[in-house]
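Chemist: Chains as they are written, first to last, in the working numbering: chain A, 9 to 283; chain B, 27 to 323.
It is possible that part of the hints are untrue.
Just some of the chain B residues that point at chain A, by a computed CB distance under 8 Å [to be verified]:
1) A44
2) L69
3) P70
4) L72
5) L133
6) V143
7) V150
8) W165
9) F174
10) F177
11) I253
12) D260
13) Y263
14) T309
Hints listed in this document are in silico derivations from the structure and should not be mistaken for laboratory results.
A virtual CB, placed ideally from N, CA and C, is assigned to each residue, including glycine.
Each chain, letter by letter, is given below.
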Amino acid sequence: MRRRPVAIAALYAAALVVALFAVAPFAWMLLTSIKPDGEILRRTPSLWTGHPQFGRYADVMHAGFAVALRNSLVVATGTTVAGVAVAALAGYALARFDLPLRRSLLLMVMAVQMFPLVVLIIPLFVVMKALGLLDSWLGLILAYLSFTTPLAVWLLRSFFDTIPKDLEEAAMSDGATRFGAMVRVIFPLAGPGLAATAIFSFIAAWNEFLFALTFVKQENLRTLPVALSAFVGQQQADWGLIMAASVLFTVPVVLFFLAVHRRLTTGMVAGSVTG
Amino acid sequence: MGSRFDRRVLPWLLLTPALLVVFGLVVYPVGRTVWLSFRSAGLPYLASGQSRFVGLDNYRRLLTDAHLREVFVTTAVFGFACVAATMAVGLAVALLLNQPFRGRGLLGVLVLLPWAVPRVAAGVVWRWMFDDRYGLVNWALSHLGHDFTGFSWFNARLPAFIAVGVVVVWQSFPFIALSLLAGLQSIPPEVREAARMDGAGPLQMLRHVTLPMLRPLLLTLIVVSTIWDFKIFDQVYVMTGGGPYRSTELAAVTVWREAFARLHLGSAAALAVALFAVLLVMTIGYGRLAREEMAIR
C-alpha cells in the first residue's frame, strides 16, 4: 500500500515530537552539567555550549557526593548479593520440588509489587530503632530485601524451570548430592538469569528513596538519591552542580537498564500482572 | 532419585532464608501496621513502645479530618488523570512505533531512556526544566504562543500537579508503549487485512479491530499503572515537597508526614492500610474481570 506524502510527513513529525519529549530532559541535564556558570542562568536558554567544562563533576564529588556514591554502592551491592543468594536457593527449591508454596509464591510477588512501601515503613523503623540498625548500611540492605527478594525468587524460579532436569539427575547418578549438583551444574547454567536478577536488584536498591530518607539521618551515611534531594532543597540551588550530581546518579543505572530491559519487561509483567 | 534428606529436608532448608525475609520484612510489618492502625501512638511509642487501643478512631479521623479526606480525593483524581494520560501517550507511541519508517529502531531505544532514569533524578531534572525564570519549559511554551515568561509552576496547586504529572507520564509511558507494541505485533495481519477489504479506515480500524483485540492487555496495563500512580512519593517529595500549603500531598506523602514529621503513628498507619485496601480491591476486581474474559472465550 502506498502512502501519501502528507501522511509520511505527519509520521516523521510525530516521531520527532516523541523523540524530543523522551530525550530533551536527559539532554538538558547533560548540557547543564557542562555549561559554564554564566550560560546556565539565561532567560533565553542556550541550546549548545562552545565551552564545555567538566570540573563540576569533581566539585560534586568534593561536595559530599563521593561519600554518598560509596554508600549507594555498598548498599546496592549488599542488597544484590544477599538478595540473589537467598532467591537462588528458594528459586531452585520452588522450580524442582513439588512444594505447597509454589502457588502462593505468585500471590506473594503480586502483593509486594502492589502495596505501597509506606505500609512497611513504620514497623520497620521501630524494629530497626530497637536493634540499633538506623543509620547503618545493614539496616538499609535489610529493608531493601523486603521488596527485591520476592520478585528475584520469581524471576529465578522461571529461569531454573527452563533448565532440563536431566542435567542434575545425570550428575547425581554420577555420585553428586542434590546440593552439589545444584551448585556445580545448575547455577553456572543459570548465569544469564542470575546476572539479570542481580542487575534488577541493584537498580531497585540504587534508586530507592523513601527508606533511605527515613532510616538514615547521618549525613555521611546518606545514599545518592537522598544527597541529591538535599542539594535541591538548599536555598540557592546551584543547578550546574545539581545536574552534574544527577548525571552521576543516573548514568550507571541507565547503562545497566539498557542491558537487561527485555528481561525486566517480562519480569515486571509476570511479577505484577499474571494470574 | 536422591536420598531421603534430598527429598524431604533439603527443599525446606533452601527455602528458609527466603521465608525469613518474607515473614520478617513483609508479613510481620504489614501485620504490625494493621495493629497500629487501631491504636493511638505517638512519640512514646517510638521511644518505649507505649500505645493505647482506640478502636476505629484512626479510621474515623480519615473521614472527619478535612485534610486527610482531601488527600484521598486528590490521590484518586491525580492518579486516574496520570493513568489516562499515560495510556493515551503510550498507545499513541505504540501505534507510531508499529508503523514502518526510517529510524524506528532508534526511536524505540530513545523512548526507553525516561523509564531508566531513577525517579528522584527525574523529579530533580524536571524541576529544573520547569524553573520559572531559566527553565526550558517556559521558554518553549512562550515560543509556541502564550507568554509563560517567569510563570512559576510550583506556587499554585494545579500547575504544580501538572508539572508532577508530566514527570509521572514521562517515566511510565515507555513501559506502556512497549507492552502495547508487543500486543499490536501479535495481532494476526489477516485480521487487519480482512477489515481493510471491508473498507475500514484507519480510525475505524483502531476502534473496531485494534482496541478490542488489545482489550485484555489494556486492562492489565491500566491496573498496573493505577497501582503505580496511587503510590507516588519520590516525585512529589522532590518537586513540590507537598506544597504549597500541603495542597499537593498525595497519600504516600501524607502517611510519611503524619508518621515521621507529626508523629501521629496511629492515623498514619490507618491511612497506609486504607491505601493498601484500595489497591487490593482494585487488583482483585481486575482479577475477576480477567477471569470472566477468559471464560467468555
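Chemist: Each of the hints needs a verdict: does it hold here or not?
Modeler: Okay, the hints, checked on the actual structure:
Because the beta carbon of A44 of chain B sits about 3 Å from the nearest beta carbon in chain A, less than 8 Å, this interface hint is met. This hint is violated: L69 of chain B has a C-beta 12 Å from the nearest C-beta of chain A, more than the 8 Å allowed. At about 12 Å, the closest approach between the beta carbon of P70 of chain B and any beta carbon in chain A exceeds 8 Å, and the interface hint on this residue is violated. For L72 of chain B, the suggested interface contact is upheld, since its CB lies about 7 Å from the closest CB of chain A, less than 8 Å.
For L133 of chain B, the interface hint holds, the least distance from its beta-carbon to any beta-carbon of chain A being 6 Å, beneath 8 Å. A distance limit of 8 Å between C-beta atoms decides the matter here; for V143 of chain B the minimum to chain A is near 5 Å, and the interface restraint holds. Interface hint at V150 of chain B: satisfied, since its Cβ lies 5 Å from the closest Cβ of chain A, which is below the 8 Å cut-off. Restraint check, W165 of chain B versus chain A: the minimum CB separation of about 5 Å is within 8 Å; hint holds.
For F174 of chain B, the shortest C-beta to C-beta distance to chain A is roughly 12 Å, which exceeds 8 Å, and the interface hint is violated. Because the closest C-beta pair between F177 of chain B and chain A is about 13 Å apart, greater than 8 Å, the hint is violated. Interface restraint check for I253 of chain B: the shortest CB-CB distance to chain A comes to about 5 Å, inside 8 Å, so the restraint holds. The beta carbon of D260 of chain B is positioned within 8 Å of a beta carbon in chain A (closest approach about 5 Å), and the interface hint is therefore held.
With a cut of 8 Å, the hint placing Y263 of chain B at the interface with chain A holds, because the nearest CB-to-CB distance is about 7 Å. A hinted interface residue such as T309 of chain B counts as satisfied when its beta carbon comes closer than 8 Å to some beta carbon of chain A; here the least separation is about 6 Å, so the hint holds.
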